[in-house]
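Novice: Chain by chain, the residues:
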Amino acid sequence: AQSVTQPDIHITVSEGASLELRCNYSYGATPYLFWYVQSPGQGLQLLLKYFSGDTLVQGIKGFEAEFKRSQSSFNLRKPSVHWSDAAEYFCAVSTGGGNKLTFGTGTQLKVEL
Amino acid sequence: DGGITQSPKYLFRKEGQNVTLSCEQNLNHDAMYWYRQDPGQGLRLIYYSQIVNDFQKGDIAEGYSVSREKKESFPLTVTSAQKNPTAFYLCASKTSGRSNEQYFGPGTRLTVT
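Line order of the protein sequences matches chains H and S.
Just so you know, this note's numbering puts 60 at position 60 of the first sequence, and the rest follows in order with no gaps.
Just so we're on the same page, this note's numbering is the position in the second sequence counted from 1, plus 1000.
Just so you know, not all the hints are guaranteed correct.
[As the list claims (entries may be wrong)] 20 Å max Cα-Cα, derived SDA-like pairs, lysine to any residue: (1) Lys-68(H) with Lys-110(H); (2) Lys-100(H) with Ala-1031(S); (3) Lys-1057(S) with Ser-1073(S); (4) Lys-49(H) with Lys-1071(S); (5) Lys-110(H) with Gly-1040(S); (6) Lys-100(H) with Lys-1071(S); (7) Lys-49(H) with Ala-1031(S).
Calculated from the structure, these hints are not laboratory results.
The whole structure should be built from the sequences, with the hints applied where relevant.
Specialist: In structure tokens:
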């Protein structure tokens, strides 16, 4: 069965600093990978997705993620964090042929001014 | 505007009562999903439906029921058999095809006392 691990429950960064949120997945074939962001009490917004092709994908709000097959990872990065980026971030995986997403437990990002 | 609506935003019920959460989408999406979110546990799939009049159990279907009589609507009933119903419930939808990009509604917070 597929699974997703987000090892960092909480991360605090200073505004303007760079950010990397970690995501590791477990699945035999090449998965479809997603990063979502959730503000408190709100639904989830898709930041970016990887299906195939270029392993570095660009998303909204200046985020990017890199798929590394050898490490089973799909880490999310941003060069310079803004205070408005404070939120919870979820990594998710899909087997592609199926219709279900499996989510990680999330990483709560706090931004210090 | 196209999107997914969930109502109400907050719902309070007494223990032992069934309650139905609404989910409507005007995106013309075929598939719809219900997730439950608890702190520190990410999102867990309750039920999903790929076409009208058909639905499948997700990972935590016990104590829940759904119907899919119209393409636009996928209501979720939380029954009295659900042992811990207090949670944040999120509805999502996606188009047919290989992409498993799901779009989420704003969520309903259910509190049962």
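Novice: If a hint holds in the structure, say so; if it doesn't, say that too.
Specialist: Hint by hint, here is what the structure shows:
no.	hint	result
1	Lys-68(H) with Lys-110(H)	violated, 26 Å
2	Lys-100(H) with Ala-1031(S)	holds, 10 Å
3	Lys-1057(S) with Ser-1073(S)	holds, 17 Å
4	Lys-49(H) with Lys-1071(S)	violated, 26 Å
5	Lys-110(H) with Gly-1040(S)	holds, 16 Å
6	Lys-100(H) with Lys-1071(S)	holds, 18 Å
7	Lys-49(H) with Ala-1031(S)	holds, 19 Å
Of the numbered hints given earlier, the model fails hints 1, 4; all others are met.
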